[in-house]
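A.B. asks: Going line by line, the protein sequences match chains A and B.
Position one of the first sequence corresponds to residue 19 (the numbering used here), numbered consecutively onward.
Position one of the second sequence corresponds to residue 379 (the numbering used here), numbered consecutively onward.
Bear in mind the hints are in silico, worked out from the structure with no lab data behind them.
Hints are supplied without guarantee of correctness; some may be wrong.
[Claimed, not checked] Derived BS3-like pairs: lysine-lysine, alpha-carbon spacing no greater than 30 Å straight-line:
id : chain 1 : residue 1 : chain 2 : residue 2
1  : A       : 67        : B       : 391
2  : A       : 67        : A       : 79
3  : A       : 86        : A       : 67
4  : A       : 79        : B       : 391
5  : B       : 391       : B       : 404
Listed here are the chains, written in short residue letters.
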Amino acid sequence: AQSVTQPDIHITVSEGASLELRCNYSYGATPYLFWYVQSPGQGLQLLLKYFSGDTLVQGIKGFEAEFKRSQSSFNLRKPSVHWSDAAEYFCAVGPLSNDYKLSFGAGTTVTVRA
Amino acid sequence: DAGVTQSPTHLIKTRGQQVTLRCSPKSGHDTVSWYQQALGQGPQFIFQYYEEEERQRGNFPDRFSGHQFPNYSSELNVNALLLGDSALYLCASSFRQGVSEQYFGPGTRLTVT
Numbered sequence: 019a020q021s022v023t024q025p026d027i028h029i030t031v032s033e034g035a036s037l038e039l040r041c042n043y044s045y046g047a048t049p050y051l052f053w054y055v056q057s058p059g060q061g062l063q064l065l066l067k068y069f070s071g072d073t074l075v076q077g078i079k080g081f082e083a084e085f086k087r088s089q090s091s092f093n094l095r096k097p098s099v100h101w102s103d104a105a106e107y108f109c110a111v112g113p114l115s116n117d118y119k120l121s122f123g124a125g126t127t128v129t130v131r132a
Numbered sequence: 379d380a381g382v383t384q385s386p387t388h389l390i391k392t393r394g395q396q397v398t399l400r401c402s403p404k405s406g407h408d409t410v411s412w413y414q415q416a417l418g419q420g421p422q423f424i425f426q427y428y429e430e431e432e433r434q435r436g437n438f439p440d441r442f443s444g445h446q447f448p449n450y451s452s453e454l455n456v457n458a459l460l461l462g463d464s465a466l467y468l469c470a471s472s473f474r475q476g477v478s479e480q481y482f483g484p485g486t487r488l489t490v491t
């Protein structure tokens with residue numbers, strides 16, 4: 019069964035500093051991986067996705083993520099954080115050819131201090 | 379291009395009542411998935427509808443049921459509400475059920491008292 023672990027529940031970062039959010043997955047095949055962001059009281063917005071090919075993927079809002087098969091990781095990064103990046107971030111894996119759901123991690127809350 | 383829309387935005391119900399939530403998918407999408415997000419947790423998959431049939435179901439009781447209409451919109455029904463059903467219910471749409479990204483709506487916040 020597929021599963022996702024986000025080891026960090028909460029991260030605080032200063033505005034302008036870099037940010038890295040960790041994601042580890044357990045999957046029986048080549049995974050499809052996603053990062054979503056959720057602002058308070060809102061739905062999920064897709065930041066970026068990895069299906070195949072180049073292991074470094076670029077997303078919206080200046081985010082990027084790197085797929086490392088050897089480490090079963092898909093970490094999200096941003097070089098310089100803005101106050102508007104304060105939100106909850108979810109890593110997700112799926113779907114498979116006959117298992118169409120997304121499986122989400124528990125999320126990482128990012129706080130940005132001035 | 380309208381994204382995924384959901385209604386209502388908020389809902390307050392009493393234990394034992396029934397509720398219906400609605401979702402319209404993003405233009406060009408034909409598949410709708412429903413997720414439940416309890417406070418402080420990641421979304422949990424409820425079920426997916428494609429070609430007006432339930433194609434896959436997560437670990438939710440039969441009190442949770444759904445429907446998909448010919449225009450691809452969908453409803454989620456929950457019967458005999460429990461306090462534990464209080465959550466944000468998210469609808470996601472995608473194309474052709476399988477390998478593609480899912481786009482989420484803003485959600486319906488259900489509170490059961």
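A.B. asks: Taking the hints in turn, state whether each one holds.
C.D. replies: Each hint tested on the structure:
1. Using a Cα cut-off of 30 Å, the hinted pair residue 67 (chain A) and residue 391 (chain B) is violated, with the two alpha carbons roughly 37 Å apart.
2. The suggested pairing of residue 67 (chain A) with residue 79 (chain A) holds, with an alpha-carbon distance near 14 Å, which does not exceed 30 Å.
3. With a C-alpha separation of about 14 Å, the suggested pairing of residue 86 (chain A) with residue 67 (chain A) holds against the 30 Å cut-off.
4. Using a Cα cut-off of 30 Å, the hinted pair residue 79 (chain A) and residue 391 (chain B) is violated, with the two alpha carbons roughly 38 Å apart.
5. At most 30 Å may separate the alpha-carbon atoms for a hinted pair to count; residue 391 (chain B) and residue 404 (chain B) meet this at roughly 28 Å.
Of the numbered hints listed earlier, those contradicted by the structure are 1 and 4.
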